[in-house]
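For the record, in the sequence shown the residue sitting at position 28 is 28 according to our numbering, with numbers rising by one throughout.
Wrong hints could be hidden among the right ones.
[Unchecked claim] In silico DSBU-like pairs for lysine-lysine, Cα to Cα no more than 30 Å straight-line:
| hint | residue 1 | residue 2 |
| --- | --- | --- |
| 1 | Lys38 | Lys107 |
| 2 | Lys101 | Lys145 |
| 3 | Lys38 | Lys108 |
| 4 | Lys108 | Lys145 |
| 5 | Lys38 | Lys145 |
| 6 | Lys145 | Lys107 |
If you are wondering where the hints come from, they were derived from the structure by calculation, not from laboratory data.
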Amino acid sequence: MNIKYLFLMVGCLAYATTTGAQEMKQAPIDTVFEQGEKNPYGQFFTGQTYLYRLSANDPVWNSSIANVTFEPGARTNWHTHDGGQILLVLAGEGRYQEREKPIQIIKKGDVVRIPPNIEHWHGAAPDSWMTHISIETNLPNNQAKWLEPVSDEEYH
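Model the full assembly from the supplied sequences, consistent with the hints where possible.
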């Protein structure tokens with residue numbers, strides 16, 4: 001193999017690897033699980049979030065568990081879960097609010113238990129990344145119902 005060709009291949013590979021790595025920001029917070037890819041449910045969020053599925057629903061466990069990472073200011077739309085939801089905050093600082101109630105500040109180590117059919121939203125603080133585990137309980141009949149985005153006025 002021609003040495004020039006070999007160096008060209010190595011250079012292209014290094015460039016492609018560096019370019020690909022820049023497409024997904026790594027959260028500047030320490031957390032246990034992978035950050036994951038850009039959230040495929042992004043149409044139900046304001047700002048950028050990342051999703052890493054830890055355990056998909058199946059007939060044995062009847063739950064779905066995911067690691068969700070929020071960039072500063074990112075948040076869900078208002079939504080409900082027919083079967084409820086539990087959030088385990090792993091890192092950073094976030095916000096949680098139920099409709100018609102005050103916003104709660106959530107931090108590493110907090111557990112948020114959301115009863116079935118309660119309208120709520122959750123996300124990162126304006127100046128902090130936040131990572132939480134989302135556990136959807138009482139599956140297979142737990143469906144998320146996505147509502148309107150949380151306005152900037154509601155968020156702040």
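Hints, verified against the model:
1. Lys38 - Lys107: Holds, because 22 Å separates the two Cα atoms, which is no more than 30 Å.
2. Lys101 - Lys145: 19 Å, holds
3. Lys38 - Lys108: Holds - the C-alpha atoms of lysine 108 and lysine 38 are around 22 Å apart, at most 30 Å.
4. Lys108 - Lys145: At roughly 27 Å apart (the allowed maximum being 30 Å), lysine 145 and lysine 108 satisfy the hint.
5. Lys38 - Lys145: Distance ~21 Å between lysine 38 and lysine 145 Cα, so the pair holds.
6. Lys145 - Lys107: 25 Å, holds
Hint compliance for this structure: every hint is met.
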